[in-house]
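> Heads up: the sequence lines are chains D and U, in that order. Taking this note's numbering, I'd label the letters of the first sequence as residues 807 to 1685. Taking this note's numbering, I'd label the letters of the second sequence as residues 135 to 248.
No lab work stands behind these hints, which were simulated from the structure alone. These figures come from a predicted structure and were not determined experimentally. All residues carry an ideal CB built from backbone N, CA and C; glycine is no exception. Certain hints may be false.
What the hints assert, rightly or not - Examples of chain D residues lying across from chain U (beta carbon under 8 Å, computed):
1. Q862
2. A869
3. E872
4. V873
5. D925
What the hints assert, rightly or not - Straight-line C-alpha distance at most 25 Å; calculated BS3-like pairs for lysine-lysine:
6. K1637(D) x K1485(D)
7. K211(U) x K870(D)
8. K1152(D) x K1134(D)
9. K1052(D) x K1093(D)
10. K870(D) x K209(U)
11. K198(U) x K211(U)
12. K198(U) x K221(U)
13. K221(U) x K870(D)
14. K152(U) x K221(U)
Claimed, not checked - Pulled from the structure, derived: some chain D residues nowhere near chain U, Cβ distances all over 10 Å:
15. K870
16. Q969
17. S1112
18. M1147
19. I1194
20. L1226
21. V1247
22. E1476
23. L1599
24. L1640
25. M1652
26. A1677
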Amino acid sequence: MRKLRAAGARVTGFFGKAGRERDMAAEFESHFQMAVEDNLRAGMSESEARRAAMLQFGGVDAAKEEVRDMSTTLWIETTLRDIRYALRGLRRSPGFAAAAILSLALGVGASVSIFAVADSLLVRPLPFRDPGRVVMVWERNSRLRDARFNVISPGNFRDWRAQNDVFENMAAFGDGRSVLIVGDRVEEIANRFATADLLPMLGVEPYRGRFFTAQEDVPNGPNVLVISYRLWQSWFGGEESVIGRKVQLRSQPATIIGVLPPNFYFRSRNIDVWEAMGYDPARDYRKTSGRYQLAAARLKRGASFSAAQAEMTAIAKRLEEQYPAFDKNWTVALEPLRDSMVREVKTSLLVLLGAVGLLLAVACANVANLLLARYTSRKREVAVRVAIGAGRGRVMRQLLTESVVLALAGGVLGLGLARLEIVGMVALAPRDMVRNAVVTVDWRIAGFAFALSLLTGILFGLAPSLVATRNVVDGLREAARSAVGGGRGLRSFLVAGEVALSLILLTGAGLLFRSVVGLQGIAPGIDPGGVVTFRVSLPRAAYREPVRRIQFFATALDRIRQAPGVRSASAVSYLPFDDTSATSVTIAGRPPAKPGEELTGTIRTVMPGYFRTMGIPLLQGRDFTAADDALDSRYRFIVNETFARRFLAGEEPLGKQISAEMDDKNPLGEIIGVVGDVKEGSVDSEPSPTVYYVHAHLVYSTMMLVVKAAGDPQAVVDPARQVIRSIDPAQPIAQVRTMESIVRETFSRQRFSAMLLVAFSIVALLLAAVGIYGVLAYSVTERTREIGVRIALGAQPGRITRMIAGGAARIVAGGLAVGVAGSLALTGLLKSLLFGVTPRDWTTLMAACLVLVSVAAVAAYVPSRRASRLAPLDALRME
Amino acid sequence: MGQKADVWQGTLALMVLKTLDAMGPLHGYGIARRIEQTSGDRLLLNYGTLYPMLLKLEQEGSIKSDWGVSSNNRKAKYYSLTRAGRKQLAQEARQWEETTDIIARFLKPEGETS
């Protein structure tokens, strides 16, 4: 009770401070006078009486301070006072304040922007019920390099769903692109086929209308569509009448029955139309089709991920025995949904998070260093304050307040910087990194920035304030001369730390940079210069007969080739570096392969002129001609170099009969040509054996057109669009890209990480240079007198330079030693991002050291030179 | 002036309260002198010890203060005991006696306890 009352008195004591201050002065004065009077009465002289009274009652100011501390809630008042004091101090030294705030803003800005990206990809919850229990279900073939997370077969999916006991539910889906027609509006949109249980499994509710049911999810069921909120808003203006609207999808009538909620997305944000999968229960998918779909499942309550994996492995084992022709060597791999969405991106992000952490540490070390210099020069002031009654804790608090004020200023500026950086980063980032990220700076990010600044403020402020308040008596004693020592060791240590951290960043940046240079140096096997590509998806309903599709594309290419500025044109089913399909291949005259040991190859359907347009060299034989691109022509194939080398080793490839299992019947056909390899998929892996079909024998309704322009590739896009419209006015073209951008995209992850790391290490390097300069410049000022004496006694300027530079050399050498060790320990984390260099690449490490030493030498030059030029008389007079 | 013992917080509060109880309203200097005299000049109070204690007692409501005029016409702040202060004094005095009694028993030579 008494305590409570005292606390209340303190809070109210915060107000009416001026009156209380007067009261206290008056009270102390009367106290003192009474003592003097008593002493006079005791027979002392006037001066003796005053002196005795003073001695008797001790330091008035210390007592006042103590009373003040007690008379109000300490933290409000002192903090406000300290902040005012700190602001005043910082205004007086704007150079120092700017340097410190800028250092921090750079560190905090980089950290916050990377954190924001990581947050949106790795942390932010996915927009449906209990997403942690949703897993992706893949097939896996241990024998195939690229089949760790392979798409699935509907046949296997049906058996998994029927036999498993660990999932609440399991759903299959597949994505495509289709032409949607609503009134006059014709566009290609992204659509997804899904079994009826996918949306309910995710726990999402319709925003308007309803989802399709299992009764509608049958072959030739009603064409009912669920659309995204975005499509509802942009195409239908958010009208309620959208439910029941009739539209045309792939040239067939369809009815919209539902709208998804605004923020919902599953795996990709761009799906606008959801349709029922329509699996045919009577069909044996293992006989008629391969692996081409995706599956997701929700774990039962209480079922662990590993238990589910074990059960699915067992089921896959049974299926493998039951269907050896189709399932030999295939098993099931589960993957947490979030992992499946970020996969390699995660490594890049973690590396970048680590890098910004290092950068922030360098920035903090730099500010600590600046503070230390500032406090050392204020040592006398601190000593005086302590001498007139300020406690050490009190002084430390005041100094800490200053560093926190600095940190918060840096944090605010850093947050602003981060917003700009995020915009830039999203523009530059590889597609797979930001595809699903909507990076925003919300209150959580702001909170993170605030906490980060506060923490760094306290962290980097603590050591300097400890040093500043140590041995205050020395501070007074030496005040007449320049204060020596006091934190020089710590400052050197901090600069060495900056050097070490910068070296680690620099090494990482160097390794990634070399990987990117290496990747760019690889010949991709095509000449993407001047090539533009776009997709044409013919609606199957309007182009049911293959001959109509063959005619459409043949006519289109003929007319595009006539267009001005076009050098050549062709089409392909899947663009290299973009997409792929693979199947097993048989070679005539060989015994049938044992199950699981089939030869597999990449399959592409091309039209005549493809190799010339893409710049793929024809090594043997001939290209397809217009005569080959007809339904009644004989089956003929073109294979790549790797196919000839690996599957036909030593045999003459031309004239060999092969077949590739892509369709219901796969007649043998003759190899008529061998072309150069294209570095498929990712540039840094081996090319895979490839078989090229001519379009007429493996007819796709969606083809990627490739057009080689004589000049600017963008200039031929419009003429090409006109050509397509002239054949079918309702036919749009989609996804216009240059081949160069597609090739670049394949190593954009490395390039992006390298770019950011290079930027971070440049900033770190600058900060370290400032640190080195600061320490040396300060030590020269500090030792002016000593240097003056030395010069007066005949020391040569060179000797003085060496003395000062030697100090820098020791610091840098120490930092480098630690940095090299750190680099060796940490660069292993970069492994999956590197190409053509090992994580422990000594050349890169040495180069990084060299860069650092050069920067350090420049930073050390100015102060050393100044020292050697000191006029001895001036130096001595400075005292 | 000989050796002066440091006055520690708990006992100082008790001394201040007892002094005010015995002498009636008194200013800070008077309290200090009175405590020094009562202790036979074995205790010495300086500002830094006395005034924070007075403020604490006032904040806790045990004493209150008013400005007045001293015997030799000097303006001074007079402290006096409140009702809560009287209760506190009685309670703390009792506790103190009990404590000293217990400690005294421990310090008595062996055998004299009976």
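> Each of the hints needs a verdict: does it hold here or not?
A quick look at each hint next to the structure:
no.: 1; hint: Q862; result: 7 Å, holds
no.: 2; hint: A869; result: 4 Å, holds
no.: 3; hint: E872; result: 5 Å, holds
no.: 4; hint: V873; result: 5 Å, holds
no.: 5; hint: D925; result: 48 Å, violated
no.: 6; hint: K1637(D) x K1485(D); result: 21 Å, holds
no.: 7; hint: K211(U) x K870(D); result: 16 Å, holds
no.: 8; hint: K1152(D) x K1134(D); result: 32 Å, violated
no.: 9; hint: K1052(D) x K1093(D); result: 36 Å, violated
no.: 10; hint: K870(D) x K209(U); result: 19 Å, holds
no.: 11; hint: K198(U) x K211(U); result: 10 Å, holds
no.: 12; hint: K198(U) x K221(U); result: 14 Å, holds
no.: 13; hint: K221(U) x K870(D); result: 29 Å, violated
no.: 14; hint: K152(U) x K221(U); result: 11 Å, holds
no.: 15; hint: K870; result: 8 Å, violated
no.: 16; hint: Q969; result: 77 Å, holds
no.: 17; hint: S1112; result: 63 Å, holds
no.: 18; hint: M1147; result: 61 Å, holds
no.: 19; hint: I1194; result: 13 Å, holds
no.: 20; hint: L1226; result: 52 Å, holds
no.: 21; hint: V1247; result: 46 Å, holds
no.: 22; hint: E1476; result: 104 Å, holds
no.: 23; hint: L1599; result: 52 Å, holds
no.: 24; hint: L1640; result: 66 Å, holds
no.: 25; hint: M1652; result: 63 Å, holds
no.: 26; hint: A1677; result: 51 Å, holds
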